[in-house]
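Asker: Residue-level listing of the chains:
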Amino acid sequence: MRLLGVFEKDSKEMLLLQDKNTFFIQDRDSINESFDNYELLKNRDKYIGNGKTEGSGVFNFRYGPVTGGVSDAGVFNIYTHGERILSVNIDPSYKKRGIEKLIIGNDIQTSLMLSQSICSNFALSHSNAFLTAVEDAGNFSIDTTTKRIRIIAAELERIYNHLYVIARLSKGASQNVLTSHLEGLFEESLRTNQIFSGSRFLKNLNGFFIDKNTIGSLNEIKNRTEKIKKDFKELYSHSLESWNFIDRIYNTAVLTGKHALSIGVTGPTLRACSIAEDSRTYNKLYENFHPITKDRCDALSRMQVRAEEIMQSCEIIEQQIDKISSEEQHKKDIDISKISGMGIGYCESPTGLVAYFIELKKGVVENVYISTPSVFGFKAFCDSFVGYIFTDFSFSYDSFGINFADCSR
Amino acid sequence: MKSWALFGITRKLTEKFDKSDKDTKQLNRIFKNSLHIYPIDVGNSGDLNLEMMALSAPQYNIHRFGIFFTDSPRHADILMVLGRPTKAMIEPLKETINQLPEPFGIVVFENSQLTGIDIETLKLPNVVAHIKEEVDAKRILSVLLDIMGK
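Sequences listed follow chains A and B, in order. Under the working numbering, think of the first position of the first sequence as 1, with each following residue one higher. Under the working numbering, think of the first position of the second sequence as 1001, with each following residue one higher.
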């Protein structure tokens, strides 16, 4: 069982929990089990890390919120004697926008827009998790074609995010030829998103009904993803032969499977520890889907999982496009203004599980809790970075695919 | 398989760029041939940070226009403010502006952000462009070329 969140409801402390494909909330007092990541989730908006280190010669190297090394607004308090990292504490408050508070009191459509604005590079995952939570609360299902369009969009999101992460790793290792080509592919993938949805970050696409005639040409999307797959495959095989690149990420920021599970990490970070867990396996529309795993638990393994997932995502998109082309779409009548109740929704974002708990009353959000993968990812980064040196910072940080926008909401 | 270096030079990805912008003013004639930029995230949702990466893509090839990113505000001609600021980022933003060498300009991209404070209330100095709507890498490059007077 995995703890995904801690929040207040009716003056009681509730836990958002996951047991394989079952997501539920439970009163903390009624549960006997203890969770290693309870304190992490309780304090996720104040600090994330493994504490301050004090002692002779130890100082706090404060990195951020304005630095050329990290593009996001956030602070890393790195405790060191000057070489080895002793502990890391992250202050996520600089990017805190209070979006959960903004969602409360709004209707479903406005809340959907706010959920997309939490983290633009996971906009589709957040909107998917929010909408499936509403579907759960209203106890209704949507048409299969819309579900397939959501899958295509989710895989497009995975492709450009993974390309971004691998390009960042390559840039950190000064692999200029590889970086330039990966940035070129990254731009092409954003343009593919634009053709598909009208937005480079797949915003304003999602809903309870997405008309297949209003999205971009599926044939063009198929051709473009095929080209991305072919070009990336060639680049990736080249990159694995570049030893001065591989040496920088091999055995860097090692996070064991046991430790990853205790933190609650999901996504490529967990799969890089040989744990074949992926919430896409719970979706029957993903046919013959097998999570990609690696076993070294380091930055290289995380990059390899992401690289192979890019090619896997291209294949999933092609499969779904073939299915959509041959099926008729029927719109279901759904009156969202009358939905009342509680619901939980989730989506496998490029970095891990995004989960939403919501309470609705006549189509208005009364309560919401958002569990984001970057919270767990930041803790994983802090723990895995201890014992390494500052030169490893970019390889450690970028390999987790995390960001402050997703973490701080 | 081609050698790595050969692989790099056999693909030409740079595209012809048609500038199509407005609402910006030229900063100073001394920046006509070279412009160094320091981007600062003040609380955007991440898309502008990713557009910065896209701007480095070979399709845009910004170096041909003399545009470069710097790692410190002390080396920058332009401070590119990404998003509408959170309260906590106001002071770091002001301190970053203090570090800019004269002459400098500030460009603000709000990207239709739903959160954050109105940046006009901060009365930032030397604002040469303030774009409120959503922008992509192409539009950002267009704004920069306008600032350079190209």
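Hints should not be assumed to be uniformly reliable.
For each label pair, taking beta carbons as the anchor points, the in silico distance ranges come out as [said to hold, decoys possible]: (1) T1121/B with F24/A: 54 to 60 Å; (2) L285/A with N1126/B: 51 to 57 Å; (3) D1018/B with F24/A: 50 to 56 Å; (4) N1126/B with T281/A: 35 to 41 Å; (5) Q1099/B with K331/A: 51 to 57 Å.
Hints are computed from structural coordinates only; laboratory data are not their basis. Just so you know, these numbers come straight off a predicted model, no measurement behind them. All C-beta atoms in this analysis are idealised placements derived from N, C-alpha and C, irrespective of residue type, glycine included.
Asker: Take the hints in turn and mark each one as holding or not.
Answerer: Cross-check of the supplied hints:
no., hint, result
1, T1121/B with F24/A: 54 to 60 Å, "44 Å, violated"
2, L285/A with N1126/B: 51 to 57 Å, "53 Å, holds"
3, D1018/B with F24/A: 50 to 56 Å, "55 Å, holds"
4, N1126/B with T281/A: 35 to 41 Å, "54 Å, violated"
5, Q1099/B with K331/A: 51 to 57 Å, "56 Å, holds"
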